[in-house]
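Protein chains: 2
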Amino acid sequence: MNRGEVHVEQSSAAQESFRAVEWRDGALQLLDQRLLPQREEYLTLKTAPDVAQAIHDMAVRGAPAIGIAAAYGVVLAARAAWQRAGNGWREAIEADLAHLAAARPTAVNLRWAIKRMRGRFNAIQGEPEAALLAEARAIHDEDRAANFKMARLGAGWLPPDAAVLTHCNAGALATGGYGTALGVIRAAHARGALKAVYVNETRPWLQGARLTAWELLRDGIPVTLLADAAAAHLMATRGIDCVIVGADRIAANGDTANKIGTYMLALSARAHGVKFMVVAPGSTFDLSLDSGRDIPVEARDAAEVLRHGGRPVAAAGATAWNPVFDVTPAGLIDVIVTEKGLIERPDAARVAAVIGG
Amino acid sequence: MNRGEVHVEQSSAAQESFRAVEWRDGALQLLDQRLLPQREEYLTLKTAPDVAQAIHDMAVRGAPAIGIAAAYGVVLAARAAWQRAGNGWREAIEADLAHLAAARPTAVNLRWAIKRMRGRFNAIQGEPEAALLAEARAIHDEDRAANFKMARLGAGWLPPDAAVLTHCNAGALATGGYGTALGVIRAAHARGALKAVYVNETRPWLQGARLTAWELLRDGIPVTLLADAAAAHLMATRGIDCVIVGADRIAANGDTANKIGTYMLALSARAHGVKFMVVAPGSTFDLSLDSGRDIPVEARDAAEVLRHGGRPVAAAGATAWNPVFDVTPAGLIDVIVTEKGLIERPDAARVAAVIGG
Numbered sequence: 000m001n002r003g004e005v006h007v008e009q010s011s012a013a014q015e016s017f018r019a020v021e022w023r024d025g026a027l028q029l030l031d032q033r034l035l036p037q038r039e040e041y042l043t044l045k046t047a048p049d050v051a052q053a054i055h056d057m058a059v060r061g062a063p064a065i066g067i068a069a070a071y072g073v074v075l076a077a078r079a080a081w082q083r084a085g086n087g088w089r090e091a092i093e094a095d096l097a098h099l100a101a102a103r104p105t106a107v108n109l110r111w112a113i114k115r116m117r118g119r120f121n122a123i124q125g126e127p128e129a130a131l132l133a134e135a136r137a138i139h140d141e142d143r144a145a146n147f148k149m150a151r152l153g154a155g156w157l158p159p160d161a162a163v164l165t166h167c168n169a170g171a172l173a174t175g176g177y178g179t180a181l182g183v184i185r186a187a188h189a190r191g192a193l194k195a196v197y198v199n200e201t202r203p204w205l206q207g208a209r210l211t212a213w214e215l216l217r218d219g220i221p222v223t224l225l226a227d228a229a230a231a232h233l234m235a236t237r238g239i240d241c242v243i244v245g246a247d248r249i250a251a252n253g254d255t256a257n258k259i260g261t262y263m264l265a266l267s268a269r270a271h272g273v274k275f276m277v278v279a280p281g282s283t284f285d286l287s288l289d290s291g292r293d294i295p296v297e298a299r300d301a302a303e304v305l306r307h308g309g310r311p312v313a314a315a316g317a318t319a320w321n322p323v324f325d326v327t328p329a330g331l332i333d334v335i336v337t338e339k340g341l342i343e344r345p346d347a348a349r350v351a352a353v354i355g356g
Numbered sequence: 000m001n002r003g004e005v006h007v008e009q010s011s012a013a014q015e016s017f018r019a020v021e022w023r024d025g026a027l028q029l030l031d032q033r034l035l036p037q038r039e040e041y042l043t044l045k046t047a048p049d050v051a052q053a054i055h056d057m058a059v060r061g062a063p064a065i066g067i068a069a070a071y072g073v074v075l076a077a078r079a080a081w082q083r084a085g086n087g088w089r090e091a092i093e094a095d096l097a098h099l100a101a102a103r104p105t106a107v108n109l110r111w112a113i114k115r116m117r118g119r120f121n122a123i124q125g126e127p128e129a130a131l132l133a134e135a136r137a138i139h140d141e142d143r144a145a146n147f148k149m150a151r152l153g154a155g156w157l158p159p160d161a162a163v164l165t166h167c168n169a170g171a172l173a174t175g176g177y178g179t180a181l182g183v184i185r186a187a188h189a190r191g192a193l194k195a196v197y198v199n200e201t202r203p204w205l206q207g208a209r210l211t212a213w214e215l216l217r218d219g220i221p222v223t224l225l226a227d228a229a230a231a232h233l234m235a236t237r238g239i240d241c242v243i244v245g246a247d248r249i250a251a252n253g254d255t256a257n258k259i260g261t262y263m264l265a266l267s268a269r270a271h272g273v274k275f276m277v278v279a280p281g282s283t284f285d286l287s288l289d290s291g292r293d294i295p296v297e298a299r300d301a302a303e304v305l306r307h308g309g310r311p312v313a314a315a316g317a318t319a320w321n322p323v324f325d326v327t328p329a330g331l332i333d334v335i336v337t338e339k340g341l342i343e344r345p346d347a348a349r350v351a352a353v354i355g356g
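Protein chains in written order, with numbering that gives the first Met the number 0: chain A, 0 to 356; chain B, 0 to 356.
One or more of the hints may lead you astray.
Since the list gives no way to pick out one identical chain from another, each pair is judged satisfied if it fits inside one copy or across any two copies.
[To be verified] SDA-like, lysine to any residue: derived pairs with alpha carbons at most 20 Å apart:
| no. | residue 1 | residue 2 |
| --- | --- | --- |
| 1 | Lys148 | Ala192 |
| 2 | Lys148 | Asn121 |
| 3 | Lys194 | Thr318 |
| 4 | Lys339 | Trp156 |
| 5 | Lys114 | Arg136 |
| 6 | Lys114 | Arg292 |
| 7 | Lys274 | Asp346 |
| 8 | Lys45 | Arg23 |
| 9 | Lys274 | Asp49 |
| 10 | Lys274 | Ala195 |
| 11 | Lys194 | Trp320 |
| 12 | Lys194 | Gly316 |
Rather than coming from a laboratory, the hints here were simulated on the basis of the structure.
Bound conformation, chain A alone (with noise of 0.2 Å):
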């Protein structure tokens, strides 16, 4: 074991002092994101329309986070199929299952968690809550442990005494545990191998500035926090290594969904020689297409635009368009670190190579 892997573990240790998504006591524990970094409070979902809600109000957000969530939701739905049906309880489940899917469109996770718990319930006899919580512990489990593969091959992919930039929040609060993106960065700091983190404060709901600000300086981790239209004007004054993001959905020929202002933060990183690394783990490839030209991006209320920190700011009568996704062409894309291996300069092959297919 190198001195990065040690690294990451003791990290992981330190950041466990939050959890983001947590079953306990029978029911499903968020830490309402809403509220951060003001209030740190917990919601008790005890079913599979709650869940629904919390998704679609991202009460939890975060590709990882939101499958994670709905495997538990799919417990939750269960339960209630048994109570109300027995038996029946794989017709009476579909109406929650069809509600939680359709809680958020981009993240292919939510789909993707769904589908595996289903598979599932063919082989269950009898009452289904403890198999299917097993597998929702599972996808968990197996979640966390996918942080930690990819910290420790994005870390290493880093050149030594890097300046990164991340956007919105792929962290401890958008996955199991570690983080994709704040996963690289928090190895990569343990490794004393960064110079400088920088975050974008990822307009319009600030995931930046609320969310990984309020991570990364939990676990001691220097930010600098800066407006998104920013970005380009630091890769030129400043000097950046690397941009490290997540993903919402990627599709088969590496194309990435992500938050709105990825692709305008790759296109800025491509004309300034800047290095563009995507983390997200296998769960959040969608290889039934073909390209980002067909994943659906969400499109979500003006009002998230037209307020600010929850008070209007906008002229009266104003309207917003307000996507909360764009596509990052695979070109623009150095390398995505997956925990199966890193796809460096991705194409259909090179992801087809890595992520099956």
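Position chain B relative to chain A; hints supplied.
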């Protein structure tokens, strides 16, 4: 007079419902832009230090408006110097002039206006206020006239039925009256030549959401706001014909300093074949600088990024980098519209041919 010109004048009359900068009853009256759009309140300033403070604090902002406000500030400085020192006013005024010139570093119009006002000093006999007020009014009137000229030229350059995107506020609030970038948009709208007007919200100060939306909606021009980082996705998915922005300082080779985010927008525009137009009067050119490398870029308080409306939005302990301008290389600009003519594909020779030098 063609149809477009008629409409420009009508539209001009329509938007005279506010004056961002006005000399009234022996004092400088400023519409306090920090309070818009929630409150429409005017400041009445009777001393040059108060004008310098208002410029520094962004009660008035926008390069041409800053220049005009500073010109009126020189009038107030001269009044005070005459009261203190009589015929020794030319020496007594210097501290106030230095104070005004230092209020903000990037917009060259500020120092341009002070220099032009200073150019009148030697010819003045006795009490200086009347002669300097006439000069300040001339600066103001010429800026308004330049706005109308640029609006016609710029609107004529746009393709028919154009979808346009603007950043920050280069409107009536930022100039002597009609606006630079927004003057072009007003004139094109009046000609029925616009399909859509998109406006970046423009973090951190939200000039787009607060000011541009406010003044365009007041003129009956529909606007759609978006998060700054959504601009590339807008270009990729909805189609934009032209980005139209103002400028704070333009070097001799056409490199243009403007609101932070302009450079990233120009990179995105070039990647999508979207035209990029800068609209700025001659007073914004600084021919003493060979290139944009030498333009001082103001960094403001991190609190503008970390807080909003007096409330913290970022995680406690986070720091922020807050450069409020950036420099767009001339090579990314398709046309600079000035009152002296269009500068297409700007470079040093083409700038010199139109602006002199």
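Verification of the supplied hints:
1. Lys148 <-> Ala192: Close inside one copy (17 Å), not across copies (55 Å); limit 20 Å.
2. Lys148 <-> Asn121: neither (32 Å within a copy, 75 Å between copies)
3. Lys194 <-> Thr318: Answer is between: at 15 Å across copies they meet the 20 Å cutoff, but 41 Å inside does not.
4. Lys339 <-> Trp156: Within one copy, since 15 Å is at most 20 Å while 53 Å is not.
5. Lys114 <-> Arg136: within (15 Å within a copy, 71 Å between copies)
6. Lys114 <-> Arg292: neither (23 Å within a copy, 55 Å between copies)
7. Lys274 <-> Asp346: within (17 Å within a copy, 30 Å between copies)
8. Lys45 <-> Arg23: within (11 Å within a copy, 66 Å between copies)
9. Lys274 <-> Asp49: Classified as neither; 40 Å inside a copy, 47 Å across copies.
10. Lys274 <-> Ala195: Intra 15 Å, inter 35 Å, cutoff 20 Å: intra-copy only.
11. Lys194 <-> Trp320: Intra 36 Å, inter 16 Å, cutoff 20 Å: inter-copy only.
12. Lys194 <-> Gly316: between (45 Å within a copy, 19 Å between copies)
Violated hints for the displayed structure, listed by number in ascending order: 2, 6, 9.
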